[in-house]
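Listed here are the chains, written in short residue letters.
2 protein chains.
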Amino acid sequence: MDTQPLYRRLANRYLDAIKAGSLARGDKMPSVRELMRLHDVSLTTALQLCRHLENEGWLEARPRSGYFVRHPRRLPLAPTREPNPALPLDPAAFVGIQARVSHFVAQGQRYPIQCNLSGARGAPSLYPHAQLNLIASRLLRKHRQLLVSAGTHSGNMALKVALARRAVASGMTLAPTDILVTHGCIEALNLALRAVTKPGDTIAVESPTFYGLLQVLESLGLRALEIPTSPQTGLSIDALELAIRSHDSIKAVVVVPHLQNPLGSIMPDAHKQRLVELCMQQGIPLIEDDTYTALTNSDIPLLALKHWDKTGNVIHCASLHKTLAPGMRLGWIAAGRWHDQVEMLKYAQSRHNEEWSQLTAAEFMNSAAYDRHLRRLRHTLRAQREQMAEAVAQYFPAGTRLVVPEGGLMLWVELPEPISGSRLFEDALQAGILIAPGTLFSNLIRFETYIRLNCGLPFTTEVEHTIRRLGKLAENHLPR
Amino acid sequence: MDTQPLYRRLANRYLDAIKAGSLARGDKMPSVRELMRLHDVSLTTALQLCRHLENEGWLEARPRSGYFVRHPRRLPLAPTREPNPALPLDPAAFVGIQARVSHFVAQGQRYPIQCNLSGARGAPSLYPHAQLNLIASRLLRKHRQLLVSAGTHSGNMALKVALARRAVASGMTLAPTDILVTHGCIEALNLALRAVTKPGDTIAVESPTFYGLLQVLESLGLRALEIPTSPQTGLSIDALELAIRSHDSIKAVVVVPHLQNPLGSIMPDAHKQRLVELCMQQGIPLIEDDTYTALTNSDIPLLALKHWDKTGNVIHCASLHKTLAPGMRLGWIAAGRWHDQVEMLKYAQSRHNEEWSQLTAAEFMNSAAYDRHLRRLRHTLRAQREQMAEAVAQYFPAGTRLVVPEGGLMLWVELPEPISGSRLFEDALQAGILIAPGTLFSNLIRFETYIRLNCGLPFTTEVEHTIRRLGKLAENHLPR
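Chains as they are written, first to last, in the working numbering: chain A, 5 to 484; chain B, 5 to 484.
Since the hints were derived computationally from the structure, they do not count as laboratory data.
Please note: incorrect hints may appear among the correct ones.
To list a few chain A residues with every Cβ distance to chain B over 10 Å, as calculated [said to hold, decoys possible]:
1. Ser35
2. Arg41
3. Gly188
4. Pro203
5. Pro422
6. Leu438
Result set (BS3-like, lysine-lysine): computed pairs, CA atoms no more than 25 Å apart in a straight line [claimed, not checked]:
7. Lys255/A - Lys202/B
8. Lys202/B - Lys146/B
9. Lys146/A - Lys202/B
10. Lys202/A - Lys146/A
11. Lys202/A - Lys255/B
12. Lys255/A - Lys202/A
13. Lys314/B - Lys255/B
14. Lys476/A - Lys23/A
15. Lys202/B - Lys202/A
Glycine included, each C-beta is placed from N, C-alpha and C at the ideal position.
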């Protein structure tokens with residue numbers, strides 16, 4: 005029998021909830037009255053419960069508002085360093101990101117992986133499978149010939165209406181007919197680049213950027229000009245301006261303004277506005293990858309680059325892959341003045357998407373369940389990111405640097421020199437752990453001391469052990 | 005009350021079945037003994053039934069085999085003319101098939117269309133929607149996280165196993181890992197061409213060929229070298245050989261060996277073998293588009309070009325779009341020695357297909373229901389093609405030429421000069437009829453007097469009226 009006093013036993017339940025992330029930093033605790041009713045306890049017990057957790061550093065009292073969950077520990081980590089703006093720019097032609105990714109994939113297949121932290125993806129449990137299954141099965145009963153009828157080439161109208169409606173919150177005014185549905189955001193980026201460039205052209209991208217984009221550039225015969233990018237505020241507009249002045253041949257700019265991959269940076273509105281105006285003035289098409297925006301901590305949507313677009317110079321690419329359903333390949337593109345060309349390219353490249361998944365997504369997006377799902381997803385991811393960051397702070401060698409992003413699925417970790425992310429990747433593999441080495445995120449040799457960790461998995465004891473193991477492996481690289 | 009003798013009443017029922025296509029040319033009638041048992045009639049009545057239909061020209065007796073359905077009328081049409089092998093070859097660069105197709109699409113949208121005969125697609129009723137819906141719903145119940153789990157990049161293994169198994173019948177020995185699943189055959193063709201060519205290269209194609217392929221070439225900056233192609237035996241290997249000798253820069257050959265679109269031609273085995281060997285000797289990659297093969301009249305599968313491939317020089321592209329489910333975007337590619345490169349390009353272009361549809365297709369393909377479906381589909385399409393051809397023979401101006409293909413979804417109709425397919429297209433539009441003018445099937449001005457008609461729709465009275473209307477409109481073009 006539990007001999008702890010009642011308030012302690014209840015406090016432990018709330019502590020578990022905080023540790024599991026179902027109560028996250030900033031969340032309001034139930035009020036003292038609610039606690040009394042919920043647990044059928046006296047005022048004294050409810051107050052003792054709250055004060056105990058406050059004393060332990062888990063809650064903070066705010067005058068006239070009640071108790072809120074506070075972060076129990078401050079991360080003893082310095083933020084990732086800002087890029088050196090004086091870095092010379094170098095358009096890296098076809099320098100073999102494909103070869104590097106192939107090596108990475110092949111290595112990953114050589115060892116049995118127990119814990120995969122290399123991706124930028126959420127665990128299936130984060131997504132509303134029960135509701136989606138229900139809608140999908142119902143649709144098959146209602147539209148019996150859905151699987152045997154060819155779809156609409158530019159995308160299902162119901163989905164385009166749902167997307168256009170949602171775009172309003174990001175400050176975009178789009179007609180459903182401005183939108184084309186694609187096989188994921190990666191196809192949208194392909195189409196955007198094919199519409200505005202030709203092989204040999206130079207494209208400005210963030211540095212670091214996700215290897216998926218570098219692969220697209222390489223596969224289309226394009227050169228990447230890597231622009232210094234802040235782990236906090238994203239692409240350096242100053243550096244881009246300089247690059248445009250010194251390289252008069254930049255044919256497009258590709259940017260992930262929100263929760264950039266791998267940095268997690270978010271561009272301030274003023275930067276976004278300046279970027280849109282700069283590209284417009286210079287006549288350079290601006291391609292926006294908006295994959296992660298819905299995963300920010302705040303329920304208040306961030307403004308898309310396209311919000312400031314007055315001339316159709318911004319091509320907006322996005323996806324439901326990370327926010328709604330990783331098993332449905334639904335992306336979309338609003339291609340501005342390249343709409344007709346992108347439509348033709350999409351038709352010639354892969355025809356239409358499947359109606360079935362489009363209708364399923366549309367129906368879910370039009371329900372209140374979608375907002376509820378997003379709130380829950382943001383909440384869970386925030387807890388997972390913070391738990392992962394705390395584990396890194398606890399287990400990684402002193403001098404490790406980290407910014408906990410305000411959303412998204414990943415952490416970008418800077419290791420103290422001379423620890424090498426590539427060597428850590430190789431050592432981790434032999435321990436059954438897969439991580440993404442920093443060298444995958446650039447064509448240049450700039451991110452040797454970095455790794456990217458996936459925070460999309462529930463922060464289980466196994467994940468915590470994995471982080472501890474990684475920390476030990478990293479320490480082995482330090483001189484003794 | 006019906007006063008006709010019993011044998012006549014029964015004969016009418018069989019006649020209806022023949023007219024509806026459920027008994028098609030070449031089908032065996034039930035034997036006399038079976039007729040006696042089926043209809044509970046005397047030997048005399050059963051014999052009278054058969055002899056009556058024989059006298060009317062619907063059945064033919066074969067010694068010791070019984071009665072078979074024969075075609076009641078011979079088409080009073082000469083076959084489409086063979087191409088002139090002396091035609092000068094001309095690599096047509098970016099000559100604007102996209103613009104022509106855009107015009108075609110835009111025109112089609114200007115008028116309310118009552119009858120659309122412009123496509124190469126089957127009516128939804130031709131496909132097994134009930135069985136697919138059942139499998140799909142069951143899969144969602146069994147694999148509850150299917151919609152929220154990311155798929156495998158090279159394609160679902162169950163589907164690849166099913167495809168590899170089926171490929172055996174076409175004479176191909178493929179491991180499941182030799183196969184990559186794509187978003188339809190059109191994506192497979194894109195990937196194949198991207199793997200073996202670069203912009204500016206010249207590609208040999210059939211002439212005429214489907215505008216989808218010409219669009220792919222134009223969108224990739226490739227030039228089409230159109231090789232004369234027989235309406236009966238497909239690509240002229242002599243002409244291709246000549247072209248290779250006079251243009252030393254042919255970087256790939258794209259061929260639809262079976263039921264070529266729009267011709268419906270089938271290459272004889274000897275031609276296929278010679279083509280594979282020629283391309284191998286010349287070091288020219290050979291891309292095979294196998295979209296329609298399962299739609300041939302015969303249940304005996306035709307041998308794929310890849311059957312003769314000993315060096316991995318043949319890239320086999322195919323699709324389930326026309327044979328299993330037009331609503332599921334499932335294509336595949338066996339890219340021979342370009343496998344790794346195509347896999348990387350597919351990953352960079354659109355990532356993986358949705359697992360849901362892949363698993364649904366795999367389960368259906370592994371059941372006996374798939375073969376039953378294909379037999380029924382072949383049977384129905386044969387009837388529809390023949391009915392359409394008869395209507396053309398009956399209603400189109402004298403001098404119209406036509407080969408009824410041994411399978412597939414379309415008829416390629418040659419109109420007597422000076423009737424213009426483009427003008428007929430415009431006139432038909434105003435009558436609410438959409439057809440595909442021959443000029444869409446070439447970058448050259450060679451097929452002005454042709455049109456393509458879709459036979460994928462049930463041959464209803466409405467379709468018959470439409471053909472009659474088209475015939476009248478065509479006649480208006482003749483000098484009086």
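Taking the hints in turn, this is what the structure says about them:
1. Ser35/A, annotated as away from the interface, keeps every beta carbon of chain B farther than 10 Å; the closest lies near 35 Å.
2. Residue placement check: Arg41/A keeps its beta carbon more than 10 Å from all beta carbons of chain B (closest about 35 Å).
3. Annotated as non-interface, Gly188/A brings its C-beta within 10 Å of a C-beta of chain B; the closest such distance is 5 Å.
4. A beta-carbon of chain B is positioned within 10 Å of the beta-carbon of Pro203/A; the least distance is around 6 Å.
5. A cut-off of 10 Å between C-beta atoms confirms that Pro422/A is not in contact with chain B; the least separation is 33 Å.
6. The Cβ of Leu438/A lies farther than 10 Å from every Cβ of chain B, with a closest approach of about 15 Å, so its non-interface assignment holds.
7. The suggested pairing of Lys255/A with Lys202/B holds, with an alpha-carbon distance near 20 Å, which does not exceed 25 Å.
8. Proposed proximity of Lys202/B and Lys146/B is contradicted: the alpha carbons are some 45 Å apart, above 25 Å.
9. At most 25 Å may separate the alpha-carbon atoms for a hinted pair to count; Lys146/A and Lys202/B exceed this at roughly 46 Å.
10. Note on Lys202/A and Lys146/A: the hinted pairing is violated, with a Cα-Cα distance of about 45 Å set against a maximum of 25 Å.
11. For the hint linking Lys202/A to Lys255/B, the alpha-carbon distance of about 20 Å falls within 25 Å, and the restraint holds.
12. Only pairs whose Cα atoms come within 25 Å are accepted, and Lys255/A paired with Lys202/A is accepted, the gap being roughly 9 Å.
13. Distance restraint check for Lys314/B and Lys255/B: the Cα-Cα separation of roughly 19 Å lies within the 25 Å cut-off, and the hinted pair is therefore satisfied.
14. As the CA atoms of Lys476/A and Lys23/A are separated by approximately 24 Å, the hinted pair is consistent with the 25 Å bound.
15. Taking the CA atoms of Lys202/B and Lys202/A, the gap is about 11 Å. The hint holds against a cut of 25 Å.
When held up to the earlier numbered hints, the structure conflicts with 3, 4, 8, 9, 10 and fits the remainder.
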